[in-house]
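Quick mapping for you: the protein sequence lines, in order, are chains P and C.
Residues 109 to 654 in the working numbering are what the first sequence spells out, letter by letter.
Residues 2 to 321 in the working numbering are what the second sequence spells out, letter by letter.
Don't take every hint at face value.
To be verified - According to the in silico footprint, chain P covers these stretches of chain C (three or more CB under 8 angstroms from chain P):
#1 116-128
#2 224-236
As the list claims (entries may be wrong) - Computed spacing ranges between beta-carbons, pair by pair:
#3 P:Gly-211 to C:His-105: 52 to 58 angstroms
#4 P:Phe-229 to C:Val-86: 43 to 49 angstroms
#5 P:Leu-427 to C:Ala-9: 46 to 52 angstroms
#6 C:Met-151 to P:Ser-398: 53 to 59 angstroms
#7 P:Pro-557 to C:Lys-313: 39 to 45 angstroms
#8 P:Ala-282 to C:Gly-287: 30 to 36 angstroms
#9 P:Pro-367 to C:Asp-160: 47 to 53 angstroms
#10 P:Pro-367 to C:Trp-292: 55 to 61 angstroms
#11 C:Gly-287 to P:Gly-211: 45 to 51 angstroms
#12 P:Ala-544 to C:Lys-313: 37 to 43 angstroms
#13 C:Leu-148 to P:Ala-203: 46 to 52 angstroms
#14 P:Val-387 to C:Ser-205: 57 to 63 angstroms
No lab work stands behind these hints: they were computed from the structure.
Bear in mind that the values here come from a model prediction, so they are computed numbers and not experimental data.
Each residue gets a CB set at the ideal place from its N, CA and C atoms; glycine is no exception.
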Amino acid sequence: MASTSRSERSAGASDPLRPDDHIDATPAPAASTVAQPKLGPLGYLRFFWRQLTSMRTALVLLLMLALAAIPGSLVPQRSSDPNGVLQYQRDNPEAFEVLDALGVFSTFSSPWFSAVYLLLFVSLVGCILPRAKHHLDALRSRPPKTPARLARLVGFTEQTSPADAEAALEEARATLRSAGYRVERYGDSISAERGYLRETGNLVFHTALVGVLLAVGIGGGYGYNGQRVIVQDTAFTNSLAAYDSFSPGRFFTETALEPFSVRLDDFDGRYRLDPATGVYQPTDFTAHLSTRTPGGDWVPAELKVNHPLELGGTKMYLLGNGYAPVVTVRDADGEVAFSGPVAFLPQDNNLRSLGVVKVPDGLDEQLGLLGFFYPEPLPLHDGTYTSLSPYASEASLLTLTAYTGDLGLDAGVSVNAYALDTDGLTQIAGPRAEAAALELVQGESVELPNGLGTVSFDGIKRFVSLDFHHDPTELWVLAFALLILGGLLVSLFVTRRRMWIKVVPHAEGVRLEYAGLARGEDPGLAAAVADIARRHAERLERRMNQ
Amino acid sequence: MTTATLAAYSLLAVYSAAVIYVLAFIAYVIDLARRTSGTVLAQAEPASASARTGGTAVIAPPAPTTASAARPSGRAARIGMALTVLGFVVHVLAIVLRGIANGHAPWANMFEFAVTGTAAIVGIYLVVTFLRDVRFIGSYITGMAALLLMLASMNVYVDVVPLPPPLQSGWLIVHILVAVLGTGLFALGAGFSIAQLLQARRESGASTRARFLAAFPGSEVLENLAYRVNVIGFAFWTFTLIAGAIWAEHAWGRYWGWDTKEVWTFIIWVVYAGYIHARATRGWRGAPSAWLSIVGFATVLFNFTIVNLFFKGWHAYSGL
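Okay, chain P solo, but in the shape it has when bound (with noise of 0.2 angstroms):
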């Protein structure tokens, strides 16, 4: 392919432009590298311009942008895994230092990774600033003039027609037009060319990861996600402090905050056991509930596992559910120190789960209970439980190690309402206590030891962990993912090529020759040539006929 014949450089005009050191460029003159003048600042400009986006350097980024992603994949990510990088730490306290100076545990923002990428979108603007201009200069151009000779190229045929030389050459045109061909004449031929759309599919491929990379940052600019439990019959405001977790974009203002509100109504849990390992397996988690827009009423909604739900631009995902024991803790005297559901969080799929209840204030000690609900409880020989199967019923036991000391509330620092650290508190029942554990089913009530008072056990109420995600580009996001798809799909399969069909007069009529040249790569291009001068001829033979 470097070796253009004459035509083919004379024609090259229409052709896309490419880098220096793309396969179909022209190679620059040879010249240029032996005597280099003096280069100035803007010549070293220059030069630097050109290497960045020359094909090698945009190929060698591409291979260094999947090297740099590897890190990302080997060691857990603050952004998709945070505890995982918290365990790192306690496991490799000094290879963590190491790592985490190399900012390897968000790799995915780190200098390096960015740098990589950065250039390469540069790079690739660079690209695809000056082939479009080309490309629409190419779409109003001509199709270039017809070789001296058509002999020399792809897939050359020659056939006789008894028919005159212009209407053979009418013919030849409309045969061209009709395969999807630009045409022209030039003396006794028609030259064609077809396939502008590769060159566009091309460039609407690059143009569009180039809007990817934009609308991803600027919706991850403005986008928030936060995460809450809701218990059931209770209700969520969209607001700030309302979050158990929340993490903002960097322009994110809190007045992009929806004020909805959420309810939940109930949750159903479906599984289905497994005979042969006895184990439950999750087939449908339902959460039933209301949703409220400012001024509108109570509307029932459902939301299920990979169904999220949409309220005025914030989508809301079930992530997590359980059980939520009413724990009612009252002191000596029968005032009651704390009372509500608490969320437990399932440790198994038989939803055996473990949940802690915080009691500062109202006792004469601060409490905490560190409990675990058993659905259908099961005893084992060492005197502790498991559960059956995740569906609770009369008999769902809820067992408390009680403990007192400081429950560290007073601090004025953000604690885990889901751990208990029990380091510094006394235990007053339990395994290391002279009191048993407390043990109960519901509607029951025991004593806490040292005349504290008494806990009961009032009932159990479902809870869901939500997801709520606001994202204003997201669909932004998609139509570039589907420019993508699209341009590289017509950049990949449109070939483009010309063809000459030339009409040399003859001494019973005319003498018809067919030719073709490839633009890339076209495989088929020999099979297209014989195939136009079939068609050709069977349009002659018609026209002669009628």
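Chain C: place on chain P using the hints.
Quick look at chain C alone, frame taken from chain P:
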């Protein structure tokens, strides 16, 4: 029939398909051996012709003969082909039975994906054979299919279980099916690239050992074949990425979160993007781009095996 019986029959069909592929592999290897002895005779002719001219020192190695397009196919190749088709039919039967036993698309865990993925590799090979004669690569395809099927059914087999709620989505069918097809195309592309590298070595005179290559197409033809297959694979992979992102948005609330599987899917995409650019870059066409095609398929296999089994992430659906 009960679910367990159906699943057992399905597994039996998987084993049968693997055995048939092994037989097909043997037939293809015999075909390659036959081609070798046939071309030795063909090569004797130009060698004696150059000897007759005499006098001039021959620096360049004798130009390798390349099989003519109209070479009649040997009986071994035809047997290999027939066995491949038979194996494929049994293989598809295994997938259908598994699907009926499951009650959902049979590619929801690692075992099922392996069975479907190998079927895609063989199926795409059969489709390409229909368009042009690429049976020279049959031993690679059937050998790989048999090996993967055996490894999958012995090491990662899991019983039929209900589809967990996160996988209950139409995107399961689309996203995984397209990924499976892309994998099949990349497998074939890597095969052509390996053949291309071997052939290029022979053409440059660096190696004369692999004589069966004389019956292969020239390295440029192989390169074009690899390119066309990989490019279609790349389009499929792009769609896999987009479909996966849409599904992730529905199931997890974000379309992209650099989960380990997402990272590797991205790496594969970038490697193949690099491959396509390499082929259009002066100095990178030929062997360097062929290596990228092979590295690309290696990352696909890595993503499917090592990442599935040893990396932590949200795509934890190996079922193990």
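Hint by hint, here is what the structure shows:
1. 116-128: violated (count 0)
2. 224-236: holds (count 7)
3. P:Gly-211 to C:His-105: 52 to 58 angstroms: For His-105 of chain C against Gly-211 of chain P, whose Cβ atoms are near 41 angstroms apart, the range 52 to 58 angstroms is violated.
4. P:Phe-229 to C:Val-86: 43 to 49 angstroms: About 47 angstroms separates the Cβ atoms of Phe-229 of chain P and Val-86 of chain C, which means 43 to 49 angstroms holds.
5. P:Leu-427 to C:Ala-9: 46 to 52 angstroms: Since Leu-427 of chain P and Ala-9 of chain C have Cβ atoms about 37 angstroms apart, the given range 46 to 52 angstroms is violated.
6. C:Met-151 to P:Ser-398: 53 to 59 angstroms: 54 angstroms, holds
7. P:Pro-557 to C:Lys-313: 39 to 45 angstroms: Hint holds: Cβ distance 42 angstroms, inside 39 to 45 angstroms.
8. P:Ala-282 to C:Gly-287: 30 to 36 angstroms: 42 angstroms, violated
9. P:Pro-367 to C:Asp-160: 47 to 53 angstroms: Holds, since Pro-367 of chain P and Asp-160 of chain C (Cβ atoms, about 49 angstroms apart) stay within the stated range.
10. P:Pro-367 to C:Trp-292: 55 to 61 angstroms: 58 angstroms, holds
11. C:Gly-287 to P:Gly-211: 45 to 51 angstroms: 37 angstroms, violated
12. P:Ala-544 to C:Lys-313: 37 to 43 angstroms: 38 angstroms, holds
13. C:Leu-148 to P:Ala-203: 46 to 52 angstroms: 36 angstroms, violated
14. P:Val-387 to C:Ser-205: 57 to 63 angstroms: 60 angstroms, holds
The structure does not agree with the numbered hints 1, 3, 5, 8, 11, 13 stated previously, though it agrees with the rest.
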